[in-house]
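In order, the protein sequence lines correspond to chains V and C.
Heads up: the first sequence begins at 1 in the numbering used here, then just goes up one per residue.
Heads up: the second sequence begins at 1 in the numbering used here, then just goes up one per residue.
In short, the hints are calculated from the structure, not lab data.
Treat the numbers as computed from the prediction; the structure is a model and nothing was measured.
Beta carbons are placed, not taken as given, at the ideal position from N, Cα and C, and that holds for glycine.
Treat the hints loosely; a few may be bogus.
[Claimed, not checked] Straight-line distance between alpha carbons at most 30 Å, and here's what the computed DSSO-like set of lysine-lysine pairs gives: (1) V/Lys267 / C/Lys252; (2) V/Lys258 / C/Lys319; (3) V/Lys332 / C/Lys337; (4) C/Lys332 / V/Lys332; (5) C/Lys319 / V/Lys337; (6) V/Lys89 / V/Lys45; (7) V/Lys267 / C/Lys319; (8) C/Lys252 / V/Lys258; (9) V/Lys294 / C/Lys337; (10) V/Lys250 / C/Lys332.
[What the hints assert, rightly or not] Beta-carbon label-pair distances, calculated as ranges: (11) V/Ile85 / C/Gln8: 55 to 61 Å; (12) V/Asn318 / C/Lys294: 30 to 36 Å; (13) V/Asn318 / C/Glu239: 51 to 57 Å.
Protein chains: 2
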Amino acid sequence: MTKWYQTQGEYSDIVLSSRIRLARNIKNIPFNNKLTSEQRKQINKSVKQALANINLGDNKLKFIDMSSLSDFERYELVEKHSISIEFAKNPKDRMLVLSEDLGISIMVNEEDHIRIQVLNSGLELNKAYEICNMLDDVINEVLPYAYDEKLGYLTSCPSNLGTGLRASVMLHLPGLESTGLISRLSSAVSKLGLTIRGTYGEGSKVLGSVYQLSNQITLGITEKSAIENLQNVVMQVIESEKRAQEMLAKDKTALEDKVYRSLGTLKYARVMSSKELVENISNVRLGVCMGIIKDVPINILNELTMTTGTAGICAMENKELSPAQRDLIRAKTVREKLNG
Amino acid sequence: MTKWYQTQGEYSDIVLSSRIRLARNIKNIPFNNKLTSEQRKQINKSVKQALANINLGDNKLKFIDMSSLSDFERYELVEKHSISIEFAKNPKDRMLVLSEDLGISIMVNEEDHIRIQVLNSGLELNKAYEICNMLDDVINEVLPYAYDEKLGYLTSCPSNLGTGLRASVMLHLPGLESTGLISRLSSAVSKLGLTIRGTYGEGSKVLGSVYQLSNQITLGITEKSAIENLQNVVMQVIESEKRAQEMLAKDKTALEDKVYRSLGTLKYARVMSSKELVENISNVRLGVCMGIIKDVPINILNELTMTTGTAGICAMENKELSPAQRDLIRAKTVREKLNG
Numbered sequence: 001m002t003k004w005y006q007t008q009g010e011y012s013d014i015v016l017s018s019r020i021r022l023a024r025n026i027k028n029i030p031f032n033n034k035l036t037s038e039q040r041k042q043i044n045k046s047v048k049q050a051l052a053n054i055n056l057g058d059n060k061l062k063f064i065d066m067s068s069l070s071d072f073e074r075y076e077l078v079e080k081h082s083i084s085i086e087f088a089k090n091p092k093d094r095m096l097v098l099s100e101d102l103g104i105s106i107m108v109n110e111e112d113h114i115r116i117q118v119l120n121s122g123l124e125l126n127k128a129y130e131i132c133n134m135l136d137d138v139i140n141e142v143l144p145y146a147y148d149e150k151l152g153y154l155t156s157c158p159s160n161l162g163t164g165l166r167a168s169v170m171l172h173l174p175g176l177e178s179t180g181l182i183s184r185l186s187s188a189v190s191k192l193g194l195t196i197r198g199t200y201g202e203g204s205k206v207l208g209s210v211y212q213l214s215n216q217i218t219l220g221i222t223e224k225s226a227i228e229n230l231q232n233v234v235m236q237v238i239e240s241e242k243r244a245q246e247m248l249a250k251d252k253t254a255l256e257d258k259v260y261r262s263l264g265t266l267k268y269a270r271v272m273s274s275k276e277l278v279e280n281i282s283n284v285r286l287g288v289c290m291g292i293i294k295d296v297p298i299n300i301l302n303e304l305t306m307t308t309g310t311a312g313i314c315a316m317e318n319k320e321l322s323p324a325q326r327d328l329i330r331a332k333t334v335r336e337k338l339n340g
Numbered sequence: 001m002t003k004w005y006q007t008q009g010e011y012s013d014i015v016l017s018s019r020i021r022l023a024r025n026i027k028n029i030p031f032n033n034k035l036t037s038e039q040r041k042q043i044n045k046s047v048k049q050a051l052a053n054i055n056l057g058d059n060k061l062k063f064i065d066m067s068s069l070s071d072f073e074r075y076e077l078v079e080k081h082s083i084s085i086e087f088a089k090n091p092k093d094r095m096l097v098l099s100e101d102l103g104i105s106i107m108v109n110e111e112d113h114i115r116i117q118v119l120n121s122g123l124e125l126n127k128a129y130e131i132c133n134m135l136d137d138v139i140n141e142v143l144p145y146a147y148d149e150k151l152g153y154l155t156s157c158p159s160n161l162g163t164g165l166r167a168s169v170m171l172h173l174p175g176l177e178s179t180g181l182i183s184r185l186s187s188a189v190s191k192l193g194l195t196i197r198g199t200y201g202e203g204s205k206v207l208g209s210v211y212q213l214s215n216q217i218t219l220g221i222t223e224k225s226a227i228e229n230l231q232n233v234v235m236q237v238i239e240s241e242k243r244a245q246e247m248l249a250k251d252k253t254a255l256e257d258k259v260y261r262s263l264g265t266l267k268y269a270r271v272m273s274s275k276e277l278v279e280n281i282s283n284v285r286l287g288v289c290m291g292i293i294k295d296v297p298i299n300i301l302n303e304l305t306m307t308t309g310t311a312g313i314c315a316m317e318n319k320e321l322s323p324a325q326r327d328l329i330r331a332k333t334v335r336e337k338l339n340g
């Protein structure tokens, strides 16, 4: 079955993905950190039962005992944004509900009893929310949630209290980054209850110009208005990015040279680190976005980003690999994908 | 008509070209630096007459008044090794006899009255000498040379006295260079009356690993034995280079990565300096020589090297161009040639 990241959505040239996540806990059961192993196993069982009769068409759900997975299988799920790193680190008594297209993932016994997450390609927050909401209702019908009339959904961490909703989008912002406008954007969105941060790399250097924009406020607001707020800001960021890219286009030759050299490197290199891949994919994506490169589909770039991380490469070969072995397979994978 | 550098000769993977040059002066006429403009013009006329009835098949000779050429036309001939830089600098009263395939060039009124040169692709010293010798005889029949029974041919500079012959080959030696064996080779060949030096770049850094190996001795030796001596040493250098390349092949992955990245850059870059071109062509040539790259013919690499210098690019557009304009056209030329 086609994975979510192999498809394209709205504004896919700038928006890599949209994600909605709901944090939920079952009524009259203590939060996870107070539970015994037995109690956690019972929650896994109950969630599985609650979802037993759900109909998602071809997109079947799998119920995965996290401790049955190898290290690289768990971290591959992190790299594909299906689970949190915290969930991968401690697999004991944890269950993952995962759809065939990897777009739906429900972490059971993460920080909260239940974390429902839906991922989509492009700017598709409402579509993701719809599915999330449906799953939320199905589970809630069998397992009543811990809910307070005044506070809303009760969550293990107070930062999620209320809607328990985190909505986020992954954005490719090379224009805003290289024109230095990104820092201004950062302070502007924080005033609107949002936060923006780099997704790859450490410290000030953001690898591949990929940023995550997400809501911070969960109290005193409805789920729908939180999503609407984020959606509106994203639309403005897209506009700003387009304007910034027009500024870059003033030195058309240098820009074309940069994006095509990256394409040449991706198509020809025999050894490629993860860092170099992310940087070259970023340049090629910019080239596609600006209409310079016409024969590389955006979804191939998304797929390469999602599948060629450290664990993703090991998963391809189904074994642990040294960094040198990974760099070799990564380069080969990229070449084969881009050369058709 | 196909140019000499568009063809391939013996050992073309390592030997770029072979060159024979004869320095000759006409009997009873002072050396060039003592001549009037009138006398020089008379020499031009005499050489033209001497060659009027020569039959070289389709490879017709053109008689070019050097002062009729633009700056970039003259320096294009230098870049293609048809004439010396000294000949290009002062075009007044000088004539060039040039064959259609650019393989034969006779500089009239250079340092000596007549300099006959034949260039071939690959290791083809004997073939070049044969043609040189034939041209030498044809001219000598009409214009008796200054010749001394004891000293041989008399030349303007004593370093050419005797045979007046300079034989040289251009070699691509990335293996000997990167294993550090090139300096040992340099002292070894000097004991055999030969000299080796880098052809591009300044000081110790030789661009593109291209070296010229040539004879130094012209006195007390026949033309044929000078050529034979050079030919023998070249064969040994080729063997050493092959062994050095086998050493490089021990880190096959790094080598493949380097040569393919260069191919990718040549095929995709939109801006390329002359220096970068020479370096990338060198890597690709190494890849072809070692059987890593199979779909790039050596003669295309030779042609790109010969035609994309500063003056060559201007000649393509038939006008003076800025460095930025040249880098753009150079990249385009390379792309088109390599992408078929």
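Verification of the hints:
no., hint, result
1, V/Lys267 / C/Lys252, "holds (19 Å)"
2, V/Lys258 / C/Lys319, "holds (27 Å)"
3, V/Lys332 / C/Lys337, "holds (26 Å)"
4, C/Lys332 / V/Lys332, "holds (27 Å)"
5, C/Lys319 / V/Lys337, "violated (42 Å)"
6, V/Lys89 / V/Lys45, "holds (21 Å)"
7, V/Lys267 / C/Lys319, "violated (35 Å)"
8, C/Lys252 / V/Lys258, "holds (28 Å)"
9, V/Lys294 / C/Lys337, "holds (21 Å)"
10, V/Lys250 / C/Lys332, "holds (20 Å)"
11, V/Ile85 / C/Gln8: 55 to 61 Å, "holds (57 Å)"
12, V/Asn318 / C/Lys294: 30 to 36 Å, "holds (32 Å)"
13, V/Asn318 / C/Glu239: 51 to 57 Å, "violated (46 Å)"
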